[in-house]
Amino acid sequence: MFRLLTRDLRLAVRAGGGFGLGLAFFLLVAVLVPLGVGPEGAVLARIAPGILWVGALLACLLSLDRIFALDFEDGSLDLLATSPMPLEGVVAVKSLAHWLVTGVPLVLVSPVLGVLLNLPVQGYGWLVLSLALGTPALSVIGAFGAALTVGVKRGGLLLSLLVLPLYVPTLIFGAEVVKRGAAGLTVGTPVLLLAGITLGAAALLPFASAAALRVNLR
Amino acid sequence: MSIWEYANPKKFMQTSGLVLPWVAGLSALCIVAGLVWGFFLTPDDYRQGSTVKIIYLHVPSAMMAINAWGMMLVTSLIWLVRRHHVSALAAKAAAPVGLTFTVIALVTGAFWGQPMWGTWWAWDPRLTSFLILTLFYLGYIALWQAVEDPDTAADLTAVLCLVGSVFALLSRYAVLFWNQGLHQGASLSLDKKENVADVFWVPLVVCIAGFVLLFLTLVLVRTRTEIRARRLSALLARERMA
Numbered sequence: 001m002f003r004l005l006t007r008d009l010r011l012a013v014r015a016g017g018g019f020g021l022g023l024a025f026f027l028l029v030a031v032l033v034p035l036g037v038g039p040e041g042a043v044l045a046r047i048a049p050g051i052l053w054v055g056a057l058l059a060c061l062l063s064l065d066r067i068f069a070l071d072f073e074d075g076s077l078d079l080l081a082t083s084p085m086p087l088e089g090v091v092a093v094k095s096l097a098h099w100l101v102t103g104v105p106l107v108l109v110s111p112v113l114g115v116l117l118n119l120p121v122q123g124y125g126w127l128v129l130s131l132a133l134g135t136p137a138l139s140v141i142g143a144f145g146a147a148l149t150v151g152v153k154r155g156g157l158l159l160s161l162l163v164l165p166l167y168v169p170t171l172i173f174g175a176e177v178v179k180r181g182a183a184g185l186t187v188g189t190p191v192l193l194l195a196g197i198t199l200g201a202a203a204l205l206p207f208a209s210a211a212a213l214r215v216n217l218r
Numbered sequence: 001m002s003i004w005e006y007a008n009p010k011k012f013m014q015t016s017g018l019v020l021p022w023v024a025g026l027s028a029l030c031i032v033a034g035l036v037w038g039f040f041l042t043p044d045d046y047r048q049g050s051t052v053k054i055i056y057l058h059v060p061s062a063m064m065a066i067n068a069w070g071m072m073l074v075t076s077l078i079w080l081v082r083r084h085h086v087s088a089l090a091a092k093a094a095a096p097v098g099l100t101f102t103v104i105a106l107v108t109g110a111f112w113g114q115p116m117w118g119t120w121w122a123w124d125p126r127l128t129s130f131l132i133l134t135l136f137y138l139g140y141i142a143l144w145q146a147v148e149d150p151d152t153a154a155d156l157t158a159v160l161c162l163v164g165s166v167f168a169l170l171s172r173y174a175v176l177f178w179n180q181g182l183h184q185g186a187s188l189s190l191d192k193k194e195n196v197a198d199v200f201w202v203p204l205v206v207c208i209a210g211f212v213l214l215f216l217t218l219v220l221v222r223t224r225t226e227i228r229a230r231r232l233s234a235l236l237a238r239e240r241m242a
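Chains D and V, in that order, are what the protein sequence lines are.
Letter 24 of the first sequence, counting from 1, is numbered 24 in UniProt numbering, and no numbers are missing.
Letter 79 of the second sequence, counting from 1, is numbered 79 in UniProt numbering, and no numbers are missing.
Chain D extracted, bound-state conformation:
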């Protein structure tokens, strides 16, 4: 399992493309939105939580099809499926690798982008916390979408259409945490709900993804 993780990480970093793409996209969103909306601080501060969360979500969406597509094409997914490791475990490890490659950099860079978007000071901690809690759910849900569409040629559009409605609860609770945190309100409820979604998705969705993969590898 650990070997698979290191292999996926190494592939992601060395093969280029997917690794920096999400991060660059996130950065672009945060730079372009003020240019489009206008530089008034009050307006930016109000929309910053939502923009940052939507940006992180879309950046995550960008690299989803790489979770299984490359391994499916060159046949290594078949080998993984016949290996003694359960396919559910493979899915979980691959989601984890995707999160480490896309989710964690987004979390780390988000405070800087918060400055660009004039996020109120008390919001930074909650921004980092909510992204750290929420992006694993994005990766796990995304892995499910990728598992469904792995057999489809040019499935990118289909993948986003399938995954987008599944992302709604995570986005709502995640953005709510930052919004409330930035306004200095109590954030306990949305934080707990967000954590609940992530834990639930991480516990259950690998089984659904593995089922979908088995169908696609039949």
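Hint data in this document are derived by calculation from the structure and do not stem from the laboratory.
Source: prediction; values computed, not measured.
Worth double-checking, as some hints may not be accurate.
[Unchecked claim] Dumping the calculated SDA-like pairs for lysine to any residue here, alpha-carbon to alpha-carbon at most 25 Å:
hint	chain 1	residue 1	chain 2	residue 2
1	V	53	V	123
2	D	153	V	153
3	D	153	V	123
Start from chain D and add chain V according to the hints.
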């Protein structure tokens, strides 16, 4: 005599062929009666005027939009557990019908909302949930279209339907948490004191019955078409083999 007999396509075709004209006729009767009764024979609401009459299209289609997904959930489960092809085809057949009902509910709601709320669209929990439901239907239909092998497509869409149901419920509660609503609450429940007045209630129930039957008609017709298409492709495949 058990319900599983209808998992046999031949038996299903026979019985549905017999039942179909009756269901279709009854549905047309109910819808025409309900709509004429509702549109022309009920008084105008004292505040909302005649715009209130769109309820006879809006409420039944909204109910069926949700129930259609429920039906797809049940048939998907049956497909996954018992591998009856008719069940998978019924789920496939129901999706576009459900999508149409969802769109009808959204559009009629917008027509009503414009004069009453002063806006075509508001980010109200119910409206938002329906928009998300539309996305779920679109994704489901697109997945059926995209996957070529019919059995693979049936399996994948069934899994999507199960996971989608959980997330649809989650989204429903998430949007409730996110924004308080403009949409009025339920006013048809059997156990509540404050309901729609009887003058409106009776034609509305007739309309709902009509829409349920309409849904049944459309799903039966579409399932029969799917079965025939499946038979046709089997024949063609056999001819190519020979």
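Taking the hints in turn, this is what the structure says about them:
1. Of the pairs offered as hints, the one joining residue 53(V) and residue 123(V) holds, with about 23 Å between alpha carbons and a cut-off of 25 Å not exceeded.
2. Only pairs whose Cα atoms come within 25 Å are accepted, and residue 153(D) paired with residue 153(V) is accepted, the gap being roughly 14 Å.
3. This hinted pair does not check out: residue 153(D) and residue 123(V) have alpha carbons roughly 35 Å apart, beyond 25 Å.
The structure does not agree with numbered hint 3 stated previously, though it agrees with all others.
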